[in-house]
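Q: Here are the chains, one letter per residue:
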Amino acid sequence: MKSLFLHISKKHLGLTLLLALVIAARTASSLIPPIILGRIVDALAGTGSSSALPGGGLVLAGTMYFALLALSRLLEALQEAAITIWGEKMTHGIRSAMAGKLGRLPMTYFTEHDSGTVSSLFVNDVDTLEDLFSSGVISMAADLASIAGILVVIAGRSRGLFLMLLAALPLLWLFTLHVQKRTLAAQLDQRRAVADLNSQIPETLTRLLPVRLFHASPYMEDRYRQACRRSFSASERTNFYDSVYSPVILLCQAVLTALMMIFAAQSGALRSFFGISAGTAVTCIAYIGQVFTPLADIGMEIQNIQSAMAGARRISDFLGEPEKEGGPAAADSCCSAPAVCIRQMTFAYPGQAPVFSNFSLDLKEGERLLITGRTGAGKSTLFKLILGLYPPDQGQILLLGQEACTVAEKDRRRLFGCVEQNFTLIPGDIFEQISMGDERVSEQEAWDALETAGLADTVRALPGGLHAPCTSESLSHGQFQLLSIARAIVLDPRLLLLDEMSSGLDAATEKALLAALNKAARGRTVLSISHRASAALGAGRTLHLQ
Amino acid sequence: MDRDPGRIGSYFRQQWRVLLVVTVTGILYNLGLAAGPWFEGQMVQKLTDIIGGRAPAAQMIRLALTYLLVIAAVQFMRFLKRLYVRKFANRTSLAMKQTLYRNLLEADTGIGSGDAMTRAISDVDDCAEGMRKFTTELFDTGVVMAAYLALLLHYDVRLTLLCLIFPPLAWLLAQKLKRPVSSAASEAKQSAGRLADASLNRTALTRTWRIFGLESRRNALYENVLADYEHRQIRSGILTSSAEPVYFIISSVSLILIIWLGGRNVLGTGWTDWDIAAFSAFLACFTRLATKSSHVGKLFGAVQKARVSWERIRPFMKNIHLKEEKTAPAGPLLVESLSIDRLSGSGRMFEKVSFQAQPGQIIGITGPVSSGKTSLGLALLGCLPFTGTVSLAGRNMDQFRDAGLSWASWLGHDPLLLSASIEDNIMLGQQHTEAELARLLELVCLDREVSAMENGIRTRVGEGGVRLSGGQQARLALARALAHPRPLLILDDPFSAVDAATEDALMANLRQCCSGRVVLLISHRLGHFPETDAVLYLEPASSLSGDPADGSHFGTHQELLAYCAGYRRLWELAAEGTEVRS
Numbered sequence: 001m002k003s004l005f006l007h008i009s010k011k012h013l014g015l016t017l018l019l020a021l022v023i024a025a026r027t028a029s030s031l032i033p034p035i036i037l038g039r040i041v042d043a044l045a046g047t048g049s050s051s052a053l054p055g056g057g058l059v060l061a062g063t064m065y066f067a068l069l070a071l072s073r074l075l076e077a078l079q080e081a082a083i084t085i086w087g088e089k090m091t092h093g094i095r096s097a098m099a100g101k102l103g104r105l106p107m108t109y110f111t112e113h114d115s116g117t118v119s120s121l122f123v124n125d126v127d128t129l130e131d132l133f134s135s136g137v138i139s140m141a142a143d144l145a146s147i148a149g150i151l152v153v154i155a156g157r158s159r160g161l162f163l164m165l166l167a168a169l170p171l172l173w174l175f176t177l178h179v180q181k182r183t184l185a186a187q188l189d190q191r192r193a194v195a196d197l198n199s200q201i202p203e204t205l206t207r208l209l210p211v212r213l214f215h216a217s218p219y220m221e222d223r224y225r226q227a228c229r230r231s232f233s234a235s236e237r238t239n240f241y242d243s244v245y246s247p248v249i250l251l252c253q254a255v256l257t258a259l260m261m262i263f264a265a266q267s268g269a270l271r272s273f274f275g276i277s278a279g280t281a282v283t284c285i286a287y288i289g290q291v292f293t294p295l296a297d298i299g300m301e302i303q304n305i306q307s308a309m310a311g312a313r314r315i316s317d318f319l320g321e322p323e324k325e326g327g328p329a330a331a332d333s334c335c336s337a338p339a340v341c342i343r344q345m346t347f348a349y350p351g352q353a354p355v356f357s358n359f360s361l362d363l364k365e366g367e368r369l370l371i372t373g374r375t376g377a378g379k380s381t382l383f384k385l386i387l388g389l390y391p392p393d394q395g396q397i398l399l400l401g402q403e404a405c406t407v408a409e410k411d412r413r414r415l416f417g418c419v420e421q422n423f424t425l426i427p428g429d430i431f432e433q434i435s436m437g438d439e440r441v442s443e444q445e446a447w448d449a450l451e452t453a454g455l456a457d458t459v460r461a462l463p464g465g466l467h468a469p470c471t472s473e474s475l476s477h478g479q480f481q482l483l484s485i486a487r488a489i490v491l492d493p494r495l496l497l498l499d500e501m502s503s504g505l506d507a508a509t510e511k512a513l514l515a516a517l518n519k520a521a522r523g524r525t526v527l528s529i530s531h532r533a534s535a536a537l538g539a540g541r542t543l544h545l546q
Numbered sequence: 001m002d003r004d005p006g007r008i009g010s011y012f013r014q015q016w017r018v019l020l021v022v023t024v025t026g027i028l029y030n031l032g033l034a035a036g037p038w039f040e041g042q043m044v045q046k047l048t049d050i051i052g053g054r055a056p057a058a059q060m061i062r063l064a065l066t067y068l069l070v071i072a073a074v075q076f077m078r079f080l081k082r083l084y085v086r087k088f089a090n091r092t093s094l095a096m097k098q099t100l101y102r103n104l105l106e107a108d109t110g111i112g113s114g115d116a117m118t119r120a121i122s123d124v125d126d127c128a129e130g131m132r133k134f135t136t137e138l139f140d141t142g143v144v145m146a147a148y149l150a151l152l153l154h155y156d157v158r159l160t161l162l163c164l165i166f167p168p169l170a171w172l173l174a175q176k177l178k179r180p181v182s183s184a185a186s187e188a189k190q191s192a193g194r195l196a197d198a199s200l201n202r203t204a205l206t207r208t209w210r211i212f213g214l215e216s217r218r219n220a221l222y223e224n225v226l227a228d229y230e231h232r233q234i235r236s237g238i239l240t241s242s243a244e245p246v247y248f249i250i251s252s253v254s255l256i257l258i259i260w261l262g263g264r265n266v267l268g269t270g271w272t273d274w275d276i277a278a279f280s281a282f283l284a285c286f287t288r289l290a291t292k293s294s295h296v297g298k299l300f301g302a303v304q305k306a307r308v309s310w311e312r313i314r315p316f317m318k319n320i321h322l323k324e325e326k327t328a329p330a331g332p333l334l335v336e337s338l339s340i341d342r343l344s345g346s347g348r349m350f351e352k353v354s355f356q357a358q359p360g361q362i363i364g365i366t367g368p369v370s371s372g373k374t375s376l377g378l379a380l381l382g383c384l385p386f387t388g389t390v391s392l393a394g395r396n397m398d399q400f401r402d403a404g405l406s407w408a409s410w411l412g413h414d415p416l417l418l419s420a421s422i423e424d425n426i427m428l429g430q431q432h433t434e435a436e437l438a439r440l441l442e443l444v445c446l447d448r449e450v451s452a453m454e455n456g457i458r459t460r461v462g463e464g465g466v467r468l469s470g471g472q473q474a475r476l477a478l479a480r481a482l483a484h485p486r487p488l489l490i491l492d493d494p495f496s497a498v499d500a501a502t503e504d505a506l507m508a509n510l511r512q513c514c515s516g517r518v519v520l521l522i523s524h525r526l527g528h529f530p531e532t533d534a535v536l537y538l539e540p541a542s543s544l545s546g547d548p549a550d551g552s553h554f555g556t557h558q559e560l561l562a563y564c565a566g567y568r569r570l571w572e573l574a575a576e577g578t579e580v581r582s
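Taken in order, these protein sequences are the chains called A and B.
Following the working numbering, the residues of the first sequence are numbered contiguously, the last one being 546.
Following the working numbering, the residues of the second sequence are numbered contiguously, the last one being 582.
Derived by calculation from the structure, the hints in this document are not laboratory data.
Beta carbons: idealized from backbone N, C-alpha and C, even for Gly.
A portion of the hints provided could be inaccurate.
[What the hints assert, rightly or not] Straight line, CA to CA, 20 Å or less: simulated EDC-like cross-link-like pairs of lysine to aspartate or glutamate:
| hint | chain 1 | residue 1 | chain 2 | residue 2 |
| --- | --- | --- | --- | --- |
| 1 | B | 318 | A | 222 |
| 2 | A | 324 | B | 215 |
| 3 | A | 101 | B | 215 |
| 4 | A | 384 | B | 215 |
| 5 | A | 384 | A | 409 |
| 6 | A | 89 | B | 454 |
| 7 | A | 324 | A | 411 |
| 8 | B | 318 | B | 197 |
| 9 | B | 318 | A | 221 |
| 10 | A | 10 | B | 187 |
| 11 | B | 323 | B | 187 |
| 12 | A | 511 | A | 457 |
| 13 | A | 384 | A | 221 |
| 14 | A | 11 | B | 402 |
| 15 | A | 89 | B | 125 |
| 16 | A | 384 | A | 114 |
| 17 | A | 89 | B | 402 |
| 18 | B | 323 | B | 402 |
| 19 | A | 384 | A | 403 |
| 20 | B | 189 | A | 125 |
| 21 | B | 326 | A | 221 |
| 22 | B | 189 | A | 131 |
| 23 | B | 305 | B | 137 |
| 24 | B | 323 | B | 4 |
| 25 | A | 379 | A | 420 |
| 26 | A | 11 | B | 223 |
| 27 | A | 101 | B | 197 |
| 28 | A | 384 | A | 131 |
[Unchecked claim] Pair by pair, the computed Cβ-Cβ distance ranges are:
| hint | chain 1 | residue 1 | chain 2 | residue 2 | range |
| --- | --- | --- | --- | --- | --- |
| 29 | B | 497 | A | 113 | 33 to 39 Å |
| 30 | B | 69 | A | 290 | 23 to 29 Å |
| 31 | A | 169 | B | 197 | 20 to 26 Å |
| 32 | B | 204 | A | 542 | 33 to 39 Å |
| 33 | A | 11 | B | 150 | 53 to 59 Å |
[Said to hold, decoys possible] Which stretches of chain B does chain A cover? Using the computed rule of at least three CB atoms under 8 Å from a CB of chain A, they are:
| hint | stretch |
| --- | --- |
| 34 | 181–187 |
| 35 | 558–568 |
Take the sequences, apply the hints, and build the full model.
A: Structure (C-alpha cells):
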C-alpha cells in the first residue's frame, strides 16, 4: 500500500509538487492582506512612517488590498482543485491496481470471499480513501500550514499575542476534540434511535389487520411515541454540542482580542512586549479571526482519517493477498499432442480430502467423452481443472500439449469453449453477450455463431437485432442456453466443454437445444457431463467417476 | 387541541413559546453581531489615542471589558438561538411523525399505501430541516443584513450605496453558475453509479472472465470507466469549489471603494468625517455583509426543498381521533348466499355459501387448495368485499361498523407478532391483572415455557417473534386473540407449527373458554374435525359441476363424509398421511 502511494505520487510527480506549491502559496497569500490593512490604518492614523497618504495612494493601497485578498481566495480555490485532482488520480491508481490484482488472485480467493465483500472493497472502501485524500490528510496539512503561518507572522509583530495564542491554542484544541468526540457519540445514539423509530413503520404496516381488530392503536401510538422520545432526547444532546461549540470559540477570540488591546494600551515594558500600533492591532484582530477556523477543520479531518483507516487496511490486505503461481508460458500448442491429456493428477481443495489422486485421462482430437458419477464425485471439479481455474497439486493437465493453468489469455477462447449450466448475463447488448467485450469478435462471426446455435432468427426479430439491449427478460430460459452456445463457439475453439444442462425446459426447446449442440460439436473434441447432450451427440466414450 | 395538522402554519403556532425564544434571542444576537466590528473599531481608535497620549490607558481596560461582556452576551444569545431553533425543528418533526403514524393506524389511506407512507416518514426530516433552515436564515440573513445595513448607512450613506452595487452582481453571477455546477454534479453522480456497476461486474463475474481469458480486456474496459469517473469528479469538484471564491471576489470589489473613499473620510477630505474607529468598523461590517448575503441562495433552496417534502407528506396529515373500544353482543352467526370474487377479477372464488353457528360451537372450515378458505375468514372480518348477508345476533356487519363495535377476533397462519414483550404482544396495552395474563398463558399451554424464560412475561420476542420457536409464536398469537374476546373467533390455519399433543390440549382449552362465542376453525388439517360441531366444505366455483354431491356443503363431519364427495376425498387423503397444502 505504502509503495503504491509512492508509486502513484511519483507517476504524478508534477501534480504532487504543484499541490505542495499551491498550499505554500495559499498560506502565504492569506497572511498578507491583514498586514496591508494594518499599514493603511497606521498611515491614516498618522502613527506609521508616512504621516498621511495622498488620495492616489489610497486607491493604490485599496486596489492592492483587494487584489491580494482576491489572490488568496483564488489560490484557496486552486488548492481545493489540486487536492481534488490529486485525490482522484490517487484513487484511480488504487482501483486500477486492485483490478490488476484481481486477475492475479487464485480462484480459491473467490470461493473464500463472497463477491459482495470483494466489490465493497472496490466501491465503499476506496470511496472512504477518496474522502481521506480530499478532506483528510492533505487538507490537514494545509490547515496546519495556515496556523503555523499565522503564528510566525504574529511572532514577528507581537511577541505577547504570540505567547497568548501559544497558550490558548492547545486548550482550544482539546476542547474541540472533546466536543467532536461527544458529538459523534451522540450522533451514533441518535442514528440508532432513528433506525429503531423508522423500523416501526414497516412493522406496523404489515400488522395493520391485528392492530385494528384488537384495537391496539393506542398501544401502538404509545410505543411509537416512546421511540420518538428516545430519538428526541438523543438529538437534543447533539443539538447541545452543535450549539455550544461555535459561541465558545468566538468568545475565546474576543477574550484574546480584549487582552491584547488592554496590554497594548499599557505603558512601558508591556507595550513594547506587545509592540502594537493601531495598524498592527487591526492586523492581529484579523489573524485571531483566521486562526480558529482551521482548528475546527483539523478535528473533522482527524475523524475522517480515522474512519478511512479501516478501509485502507482492508485494501492493503487485499493487495497483499498471495497470488497464483506461474504466468502464461510460451505457447507451444502442438497439433500432434492429444486434445486432453491428464497424467497422474492429484487435486484437493485447500483443507479437504483429495478429489482426485493419480488420475489419468487421454482424449484424442475429435473424440467425445461423457463424464458420469454421483453428485460430489468431482465432475465439476474436473471441468474447473481442465479450464485451468485451479492448478493440480501433482501431475499434469495438458490441452493440446499446453499446461491448462498457463494457457495465455488470448489463446483460451480458441483452445476451448465452455457452455455453462446457466447463462451468465453480462451488461450490454446481445452482441456483447457473445463477444464479452473481446475486440477480436466481429459481427459476422457473432452472426455465424448465432446461426450455428439456431438463434439467428430470434435475434433478427428483436428490435435492434444484434444490438438489442439484453436483460434477463429479453430472452427465454432456453434461448439463453442457445446464446451460451454461441458465446462458447464464436472464436472457433478446438475443444468444447458442456456442463450439465439445466432441466425444466419444454420438449420443443430441448429439441432445439440438442440440435444446436449437435451442430456446435461438429469437428470438435467434446467433453460433456450432460447425459441428454451426450445422447444427442451420439457414440463416444463414457468415464464414470467414483 | 383542534389545530389542523394539514396546515404548515399550525406547527409554527403550536410552538409559539419556542419560537418566541428563537425570535428574541435571534434578534438580540444578530443586532449584537454588529457590536463586534463597532467595538473593535473603538478599541483601535482608543489605542491610537492612548499611544498619541490623548487618552489614559485605563480607558482601554473599561472599553475592552465592556466589549468582552457584550460579546459574551451576544454569543450566549447565539447559543440559545441555535439550541431553540433546533428544538423547534425536532418538535416539529416529532409532531408530524406522530400525526403521520396515527393516519397510518386509523385512516383508510393506511392500507395499500405502505410505500408512500414509508417515503413520507423520511420526508418529514427533510421538511423539518427545511423549516429550521428557513427560521434560522430568516434571522441570520434577514435581520443581520438589515442590522449591518443600518450601521453602514449610519456611517456614510453615499459610500454605502456605492458599495452595494457589487454584491447583487455577484449574486446574479452565482445564479448563472448554478446550472453548470448542478449539471456537473449530477453527471458526476451518474458516473459514480456506472463505476459502482462496473466494479460489481468486474468482481462478481471474475470466474466467467477468467474462463474466457478476458480479464485483461475487462481491466482495460474498467480503466475507461475509471478515467471517465476521474474526469467528471474533478470537473464537478472544481466547479463546485470555484463558485464561492468568484462570488466573494466580485462582491469584494467594493473594498477598493471603502479604502479609497473611506480613507479620504478619515483624512478629512471625503464626504463625511470619520475617525479610525469608523473606518475599521465600516470595513469589517461590509466584509461580513458580503459573506452573509451569499447565503440568500441557501435560504431559497431550503424553503424550496421543504415545500416539496411537505407536499408529499400532506395527504397523510389528517386530524384523526382515536375511537373507543366497544364490543358487539354475542349471538348466533348466520351466513347466507355468501359469494366472493377473485382478486384478479376472473370469476368467483366460491358461490352462494350458507351456514350458521350458535355461541359455544366450533365450526370447521376446509376445502381444496385455493378454494377461498382464507378469503372467507377475511370477508367475515370485513376486510374483503362480498355479496350475500352475514349477521351476528341479528345485526349485520355494516351496523356494527357504523356503531363502532368490534365483532371478530382473528388469528392467521402468520402470527404477526410485534417486536415487544410477551405481555405486550398479548394484551396490546389493554388493562389487565397478572392473574388474567397467567390464565391466558395457561390456556395456550405457554405458562411453563414463559416462566422458564429469564425475564418471564417481560421477555422481548424480537422482530416478528424470531426469538421464539414457530409453535411458541403461534400459541402467543392465540393468547392475543383470546385476550380480546369478541362474539366471533376466526382461526385460520393457526396450528401448523404446533405439535400434535399440544394441539389436542389447545382444542380442549378452546372449547372450554369459548363457550359464549362462535369459533371458526379454518384448516387443511382435518385431525380435529370429527370433534367440531359442524363442518363447512368449500368447493372452488371453478370446479363446480351439476352433480349435487359436488359443491360446497355444510353439515356434521359424519354427514359430510356420507354425501360430500370433495370432503370425503380430503379426509381420505389426510388419513393416508398426505397433507394437502394450502
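Q: Now look at each hint and say whether the structure bears it out.
A: Evaluated hints:
{"no.": "1", "hint": "318(B) <-> 222(A)", "verdict": "19 Å, holds"}
{"no.": "2", "hint": "324(A) <-> 215(B)", "verdict": "14 Å, holds"}
{"no.": "3", "hint": "101(A) <-> 215(B)", "verdict": "11 Å, holds"}
{"no.": "4", "hint": "384(A) <-> 215(B)", "verdict": "17 Å, holds"}
{"no.": "5", "hint": "384(A) <-> 409(A)", "verdict": "16 Å, holds"}
{"no.": "6", "hint": "89(A) <-> 454(B)", "verdict": "57 Å, violated"}
{"no.": "7", "hint": "324(A) <-> 411(A)", "verdict": "19 Å, holds"}
{"no.": "8", "hint": "318(B) <-> 197(B)", "verdict": "42 Å, violated"}
{"no.": "9", "hint": "318(B) <-> 221(A)", "verdict": "16 Å, holds"}
{"no.": "10", "hint": "10(A) <-> 187(B)", "verdict": "30 Å, violated"}
{"no.": "11", "hint": "323(B) <-> 187(B)", "verdict": "52 Å, violated"}
{"no.": "12", "hint": "511(A) <-> 457(A)", "verdict": "16 Å, holds"}
{"no.": "13", "hint": "384(A) <-> 221(A)", "verdict": "58 Å, violated"}
{"no.": "14", "hint": "11(A) <-> 402(B)", "verdict": "79 Å, violated"}
{"no.": "15", "hint": "89(A) <-> 125(B)", "verdict": "36 Å, violated"}
{"no.": "16", "hint": "384(A) <-> 114(A)", "verdict": "18 Å, holds"}
{"no.": "17", "hint": "89(A) <-> 402(B)", "verdict": "70 Å, violated"}
{"no.": "18", "hint": "323(B) <-> 402(B)", "verdict": "12 Å, holds"}
{"no.": "19", "hint": "384(A) <-> 403(A)", "verdict": "14 Å, holds"}
{"no.": "20", "hint": "189(B) <-> 125(A)", "verdict": "17 Å, holds"}
{"no.": "21", "hint": "326(B) <-> 221(A)", "verdict": "19 Å, holds"}
{"no.": "22", "hint": "189(B) <-> 131(A)", "verdict": "15 Å, holds"}
{"no.": "23", "hint": "305(B) <-> 137(B)", "verdict": "14 Å, holds"}
{"no.": "24", "hint": "323(B) <-> 4(B)", "verdict": "18 Å, holds"}
{"no.": "25", "hint": "379(A) <-> 420(A)", "verdict": "13 Å, holds"}
{"no.": "26", "hint": "11(A) <-> 223(B)", "verdict": "17 Å, holds"}
{"no.": "27", "hint": "101(A) <-> 197(B)", "verdict": "19 Å, holds"}
{"no.": "28", "hint": "384(A) <-> 131(A)", "verdict": "41 Å, violated"}
{"no.": "29", "hint": "497(B) <-> 113(A): 33 to 39 Å", "verdict": "37 Å, holds"}
{"no.": "30", "hint": "69(B) <-> 290(A): 23 to 29 Å", "verdict": "24 Å, holds"}
{"no.": "31", "hint": "169(A) <-> 197(B): 20 to 26 Å", "verdict": "47 Å, violated"}
{"no.": "32", "hint": "204(B) <-> 542(A): 33 to 39 Å", "verdict": "35 Å, holds"}
{"no.": "33", "hint": "11(A) <-> 150(B): 53 to 59 Å", "verdict": "57 Å, holds"}
{"no.": "34", "hint": "181–187", "verdict": "violated (count 0)"}
{"no.": "35", "hint": "558–568", "verdict": "violated (count 0)"}
Hints 6, 8, 10, 11, 13, 14, 15, 17, 28, 31, 34, 35, counting from the list given before, are not met by this structure.
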